[in-house]
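K.L.:
Sequence:
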Amino acid sequence: MTEVSRGDDRVADCHVRAATDVLSHRWDGVVLAALGSGPRRRVELLRTIGQVRDKPLTEALTRLSEANLIVRREVRNPPGMSYELTPLGQSFHDGPLQALASWAHEHGEELLQPSPAE
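In case it helps, numbering that gives the first Met the number 0 puts the sequence shown at residues 0 to 117.
One should not assume that every hint holds.
Said to hold, decoys possible - Between beta-carbon pairs, the in silico distance windows are: (1) P78 <-> L111: 36 to 46 Å; (2) P55 <-> A100: 17 to 27 Å; (3) E108 <-> G49: 39 to 49 Å; (4) P77 <-> E108: 38 to 48 Å; (5) L110 <-> H24: 36 to 46 Å; (6) Q97 <-> A66: 12 to 22 Å.
Worth flagging that the hints you see were computed from the coordinates, not collected in a lab. Since the structure is predicted, the reported quantities are computational estimates derived from the model, not experimental observations. Ideal Cβ positions, reconstructed from N, Cα and C, are used throughout, including at glycine.
Working from the sequences, and respecting the hints, build out all of it.
P.N.:
Next comes the structure, spelled out in structure tokens:
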């Protein structure tokens, strides 16, 4: 594991940057969270996530697929496609994404409060 500290000249280490890029897009982490319970079709993702529109979902699925975090599979009955986490995606879901979810659950109210005027 790479330690990142304030005195570290390599804070912009490409591995850290690649990992944080996963969460830099609005819907990517949400899509990964939705796929954490198993494969889902596009319509199921739209329904589960709720506020996401088709175009941003398509963009998120494309990015996550290109990052090897999800895979698209053909399903037969009814015909269509489903999406599921790859082993790398499952590792991201079970590790940093779960840690972030726990932190957000603990501090969610603080995050939603308006900041005091300066």
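K.L.:
Evaluate each hint against the coordinates.
P.N.:
Taking the hints in turn, this is what the structure says about them:
1. For the pair P78 and L111, the supplied restraint of 36 to 46 Å holds, since their beta-carbon distance comes to about 42 Å.
2. Take P55 and A100: their Cβ atoms lie about 20 Å apart, and the range 17 to 27 Å holds.
3. Look at E108 against G49: about 21 Å separates their beta carbons, and that is not inside 39 to 49 Å.
4. A hinted range of 38 to 48 Å holds for the C-beta pair P77 and E108, which are about 42 Å apart.
5. Our hint of 36 to 46 Å for L110 and H24 is violated, since their Cβ atoms are close to 18 Å apart.
6. Range check, Q97 to A66: Cβ separation about 18 Å, and the 12 to 22 Å hint holds.
The structure is inconsistent with the numbered hints 3 and 5, although it conforms to all the rest.
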